[in-house]
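Residue numbers (numbering that gives the first Met the number 0), protein chains in the order written: chain A, 0 to 364; chain X, 0 to 252.
Among the hints, erroneous ones may be present.
Straight-line Cα separation of at most 30 Å, BS3-like style, residue types lysine-lysine; simulated pairs [stated by the list, open to error]:
| # | chain 1 | residue 1 | chain 2 | residue 2 |
| --- | --- | --- | --- | --- |
| 1 | A | Lys118 | A | Lys248 |
| 2 | X | Lys196 | A | Lys276 |
| 3 | X | Lys18 | A | Lys100 |
| 4 | X | Lys199 | A | Lys276 |
| 5 | A | Lys280 | X | Lys196 |
| 6 | A | Lys248 | A | Lys151 |
| 7 | A | Lys276 | A | Lys170 |
| 8 | X | Lys133 | X | Lys236 |
| 9 | A | Lys359 | A | Lys151 |
| 10 | A | Lys115 | A | Lys92 |
| 11 | A | Lys100 | X | Lys196 |
| 12 | A | Lys170 | A | Lys151 |
| 13 | A | Lys359 | A | Lys344 |
| 14 | A | Lys359 | A | Lys248 |
| 15 | A | Lys92 | A | Lys151 |
Derived from the structure by calculation, the hints contain no laboratory data.
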Amino acid sequence: MLLREGQIRIPSGCAISGIMNRDGEVFSGHDIIRSIALMHDRSNGLGGGFAAYGIYPDYPEHYALHMFFEDDQSREATEVFFNNHFDIEVGGKIPTRKTVKITNAPLIWRYFVLPKENKLVESGLGADEYMARCVMRINSEYPGAFVASSGKNMGAFKGVGYPEEIGEFYKLDTYKGYLWTAHGRFPTNTPGWWGGAHPFTLLDWSIVHNGEISSYDANRRYLEMFGYRCSLQTDTEAITYAFDLLLRKHGLPLHVAVTALAAPFWSALARMDDQQKALVKAVRTVYSSLLINGPFSIILGSRKGFVALNDRLKLRSLVAAEKGAFIYVASEESAIREVCAAPDKVWSVGGGEPVIGLLKGVDQL
Amino acid sequence: MTISNASAVAINAQGLYYKELNEKIRAALAAGAATVRVHSVNGQRYIGTGLSGNASLIVEGTAGNDLGAYMNGLTVTVYGNGQDGIANTMNAGTIVIHGSTGDTLGYAMRDGEVYVEGSVGFRVGIHMKEYQEKVPVLVIGGKAGSFFGEYMAGGILILLGLSGREGHPIVGDFCGTGMHGGVMYIRGNVEEHQLGKEVKVVELDEQDREVLGKYVGRYVGHFGGDAGEILDAPFVKLIPFNKRPYGNLYVGV
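Extracted from the complex, chain A is given alone in its bound form (with noise of 0.2 Å):
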């Protein structure tokens, strides 16, 4: 049987890459697995994935359910529990290409869906809200069911390999988005399975991340008493959770969720003018719990743009670029290079500074 996080422990770090373009126009996944690829040694094969933004233009309101099933009764038992909350639009395999290198898959579907009218009116939910809670109970309750995606007009494309070959098996050349994250996984600590890998989403958010959070027992208590429940043990997937909970449900704007996440040191509150001070100090006393702590480099994708950033402590390195309409976050300069020889700029990226990229238009995440 195949070990899953918690019940192994693989001692190790990881690359994480995200093009995108502000206007809003769209590109094939090509010069993400570039980008990624060249990191290769970044990863050891034990994780790859994609998160791509724009891709699903045919259905732009209705849920992408990107999912994995260990085997058909798993999806039968599954399905069973779409068709009693959902509306499924159309349903079937995510198409994949037979490589050599990519092995083991579980089956990969894809269900475009909106809410049950009546469930939802009974819920007393927002659609949001309704589709989060289902996600929770699919990856809680249903063995062998693992929900890879549920926002719209986008999706996660993950798995057990090197990211170019997730690529590849995902075809990701044949879509077009308008922005792409990747990852090339280096597990510590947790084995490499195909829920496992990154990134990890809710809703519209997805998370790449290079690094260890220590803080995940204390973050993940918090977040499981607003309902979240962290079933795959592991720290990435809490910190999706936290910016869900921040900028949605709470409806924080942007800096305030950095500061909660990547506090500032109270040395360096000290300094701040009186009302930057009670609103940091107010901001990391209610949200203490999920400060995160440990090194991390991440990527939070959304419809609406990005937001990159590093531990407080600059922990991992993360180099940032422009070139016109476009942005570019990456691990390395040369994964950014690769894809854009001459940029306008380049700059390392500070410990707790967002880079932050919002479609033409829009001004918070």
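We have chain A already, so just place chain X on it with the hints.
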């Protein structure tokens, strides 16, 4: 590999895996090349790592991680930016970068000189060391990120702030945290709160001016500029309070 004359060799690194590239560089040096020029480099790691001798290695493109790590000699000139871990535990030689670099430049460096025209990332010059006549030197034309010279045990760090990200200070926070040896010279001023608890600011004396003059002169030799003008600004000298700041950490008091 094309051999243009007996002692100069050019290598195209386009699409080459780092292992192959470094094998070619080693082969060229073993065959007696005095100059090896590697062009179209993009992210290949370990260029110049562990190499000895007096040859000149020219790198065109974005040099990958650990350029010149454990290097024992050689003059490496990079036309482009460098990434992380350049001059990691370097023993001897010179690295000249016509661009900027990433994090942990000069980590645990033991001797030799590194000149960076632009800015550097985070944790630069950490745990540099020195022994008798072996004194490593890092000269940076732009700005540096946080943890500059953290746990520094020896050597010379010179930070000029001639360029760099607008709106950012010449050096980030936690400068010299845990420093217990060596010296830093920072052009202009450093805010008290940016310094680690283990460093103190002292006035420069004649000997310091001499050291600065020598290395700023070499910086200008590599990248151009007016040494007199650069040296004319005030400098801050940082040294550790104590050679063993943690000597009493686990001792009962």
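These are the hints, each one checked on the structure:
At most 30 Å may separate the alpha-carbon atoms for a hinted pair to count; Lys118 of chain A and Lys248 of chain A meet this at roughly 21 Å. The straight-line distance between the Cα atoms of Lys196 of chain X and Lys276 of chain A is roughly 23 Å, inside the 30 Å bound, and the hint therefore holds. Between Lys18 of chain X and Lys100 of chain A, the direct Cα distance comes to roughly 22 Å. Compliance with the 30 Å bound is thereby established for this hinted pair. Proximity of Lys199 of chain X to Lys276 of chain A is assessed by CA-CA distance (about 28 Å); at most 30 Å being required, the pair is judged to hold.
Pair hint Lys280 of chain A plus Lys196 of chain X holds up; C-alpha atoms about 24 Å apart against a cutoff of 30 Å. Restraint check: the Cα-Cα separation between Lys248 of chain A and Lys151 of chain A comes to about 17 Å, which is no more than 30 Å; the hinted pair holds. For the suggested pair Lys276 of chain A and Lys170 of chain A, the alpha carbons sit about 49 Å apart, so the restraint of at most 30 Å is broken. Restraint check for Lys133 of chain X and Lys236 of chain X: the C-alpha separation of about 21 Å stays at or below 30 Å, so the hint holds.
A C-alpha spacing of about 19 Å is found between Lys359 of chain A and Lys151 of chain A, which places the hinted pair at or below 30 Å, so the restraint holds. Between the alpha carbons of Lys115 of chain A and Lys92 of chain A the distance comes to roughly 22 Å, so the proposed pair stays at or under 30 Å and holds. As the CA atoms of Lys100 of chain A and Lys196 of chain X are separated by approximately 52 Å, the hinted pair breaks the 30 Å bound. Distance restraint check for Lys170 of chain A and Lys151 of chain A: the Cα-Cα separation of roughly 20 Å lies within the 30 Å cut-off, and the hinted pair is therefore satisfied.
Proposed proximity of Lys359 of chain A and Lys344 of chain A is supported: the alpha carbons are some 19 Å apart, at most 30 Å. With a C-alpha separation of about 24 Å, the suggested pair Lys359 of chain A and Lys248 of chain A falls inside the 30 Å cut-off, and the hint holds. Restraint check for Lys92 of chain A and Lys151 of chain A: the C-alpha separation of about 18 Å stays at or below 30 Å, so the hint holds.
When each numbered hint is compared with the structure, violations occur for hints 7, 11.
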